[in-house]
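Starting from the known structure of chain G, fit chain P with the ligands onto it as the hints suggest.
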Amino acid sequence: MSTPRVAIDDLTKYYGQTLVLDEVFLDVDEHEVVCLIGASGSGKSTLLRCINQLVPFDHGEIRIDGVAIDDPSFGKTGLRKRIGIVFQAYNLFPHLKVIDNVTLAPRKVHGVTKPDAEARAHELLGLLGMEEFARKYPEQLSGGQQQRVAIVRALATNPDVLLLDEITAALDPELIGGVLDVIRDLKAQGMTMMIVTHEMGFARDVADRVCFLEEGRILEESPPQELFSDPQHPSTRRFLQRIIEAGRL
Amino acid sequence: MSSERAASAEPARRAGPRPPVKATLSPRERYAPLAISVVSTALVFGLLWRVITSSENWPLIQRQFFDVDAMRASLPQVFSGFLVNMMVWVIALVVIAVLGIVVAIFRSLTGPWAAPLRVFAVIYIDLLRGTPSILLVLLFGLGVPALQIPGMTTSRLFWGSVALVLGYTAYTSEVYRSGIEAVPDGQRAAAKALGLTQWQTLRFSILPQAVRNVIPALLNLAVALQKDVALLSVIGAREAVREAQIFTARTFNFSSYIVATVLFLLATIPMARFTDWVTKRDQERRLQRTL
Ligand SMILES: Nc1ncnc2c1ncn2[C@@H]1O[C@H](COP(=O)(O)OP(=O)(O)OP(=O)(O)O)[C@@H](O)[C@H]1O
Ligand SMILES: [Mg+2]
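In order, the protein sequence lines correspond to chains G and P.
Convert by adding 88 to the 1-based position in the first sequence; the result is the number in our numbering.
Convert by adding 1474 to the 1-based position in the second sequence; the result is the number in our numbering.
By construction, these hints were calculated from the structure, which means they are not laboratory data.
Note that this is a predicted model, so its numbers are computed, not measured.
Only true hints are included.
Simulated crosslink set (DSS-like; lysine-lysine; CA at most 30 angstroms straight-line): (1) P:Lys1754 x G:Lys185; (2) P:Lys1666 x G:Lys224; (3) P:Lys1754 x G:Lys224; (4) G:Lys185 x G:Lys196; (5) G:Lys275 x G:Lys196; (6) G:Lys202 x G:Lys169; (7) G:Lys185 x G:Lys224; (8) G:Lys202 x G:Lys164; (9) G:Lys169 x G:Lys275; (10) G:Lys169 x G:Lys196; (11) P:Lys1666 x G:Lys169; (12) G:Lys275 x G:Lys202; (13) G:Lys164 x G:Lys275; (14) G:Lys164 x P:Lys1666; (15) P:Lys1666 x G:Lys275; (16) G:Lys202 x G:Lys185; (17) G:Lys185 x G:Lys275; (18) G:Lys202 x G:Lys224; (19) P:Lys1701 x P:Lys1754; (20) P:Lys1666 x G:Lys185; (21) G:Lys224 x G:Lys196; (22) G:Lys224 x G:Lys169; (23) G:Lys196 x G:Lys164; (24) G:Lys202 x P:Lys1666; (25) G:Lys164 x G:Lys185; (26) P:Lys1666 x G:Lys196; (27) G:Lys185 x G:Lys169.
Far from chain P, by Cβ distances over 10 angstroms, these chain G residues were calculated: (28) Asp97; (29) Asp110; (30) Gly148; (31) Gly154; (32) Ile157; (33) Ile187; (34) Gly289.
Using N, Cα and C, we set each Cβ at its ideal position, and we do this for glycine too.
Bound conformation, chain G alone (with noise of 0.2 angstroms):
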């Protein structure tokens, strides 16, 4: 069996007293599309921040390529250079135009020259549909379009993990098929990808593996298919029987 890209083991987080994640087991292989789904609050989010150590966690561990997060080998900054996120929240630097938040990864932490870091911008800004608002700041696009430019802002420094948290929840509807397109294809490229997401469509279109959170636990994990078609946790069951009365599956 070959390493995981992503190894999580047993993996348990506190804020404080809470609980948020408890004994966490997930791997994911190189090329493999991992969703995470599960109500608001089971921490779905925390265990992306853990993945790039945005937050500490208190128990377990986490390997890229088999190395350990926290090893020395990484260096201060190897480890983002390894893997990309995208926030629910864009968090765009807003005193920077669209293309220089793009490019500041790359030119700042990996020494690309600036014309070879802003023609890859455009180009990923072009598949994206914002290449007209290379030289616009952040707060004049609206929440969608500062999504987009956020996913760029992942893409552009060429990252083997990309962690998606729930970017399609600020897109107008029309949007989130171009979107759907652009992981499609990072998925056609062999990007290993895990998302969060509300969106049960898009999570049963991309997903090589769904996995069902639950106050910080994996209740249930299997191919999208079967884990939408036939639950078998009764949780995972009354999730997706609410999401469906609203109307999302």
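This is chain P with the ligands only, laid out in the frame that chain G set:
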């Protein structure tokens, strides 16, 4: 009421060209408010002027404070002193802006190795912010030259200015720090996630936003310093107030103080207006962003 107005404005906008703006205003309706303002203001101030100038002390006041000949005679010295004030002000502004950031960064550093810098910043700010500026000016402006340390200038003007710089650096660093703390956590997370180091995060993400947040507050400090440079007169530095004092001591006439006052006002009023304008623009920008 406002919703009513919004509702009635809506169809008009959709219909294309706006209706002509109340073309039915009569000249009387249009100019009456302006006329009332002008006349009432003139009346009040005219009356005030009457009362003051008709007082029996007025001729004495006029001679002591508003003697045109004395003003003209004192102007050259007071003005050259005022240039010293403004020179100190400009140089101090630049130095304070830089030192303030440095102290603010010290104070907001995290991690055990940064503890000495953090402690230094806290002590520095407490001491310098808590001491009256005039005491700092006296201590440095008179104290340091008295030490006669070889190789160090004994210029009172220089050391007095250093005192102002040190005091204002403490205020300024606190302003910067409030700006740094106002930057949302998501910005640090995003920068960290992109692989930026702690220093790069500060340099490229946090500080530019922090500085932009506090520009109005910084300008307010700049206006305050513009007046506080007059404190240098207490150590005998030959600036505007000191020159005016010298003139008064010689002639027993206070008109030179009025000259100094006018010179300061000519500098501070535009500066304060500029600050108000920047502050207003800044508020509008924030409002737009939250809408
Ligand atoms: N910084 C924090 N401090 C304290 N508690 C936190 C913090 N961030 C998250 N939590 C708590 O941790 C739990 C999991 O939060 P998390 O954001 O991971 O949920 P989520 O599954 O992403 O929810 P959502 O679907 O609403 O985004 C919640 O109970 C939340 O209140
Ligand atoms: Mg979340």
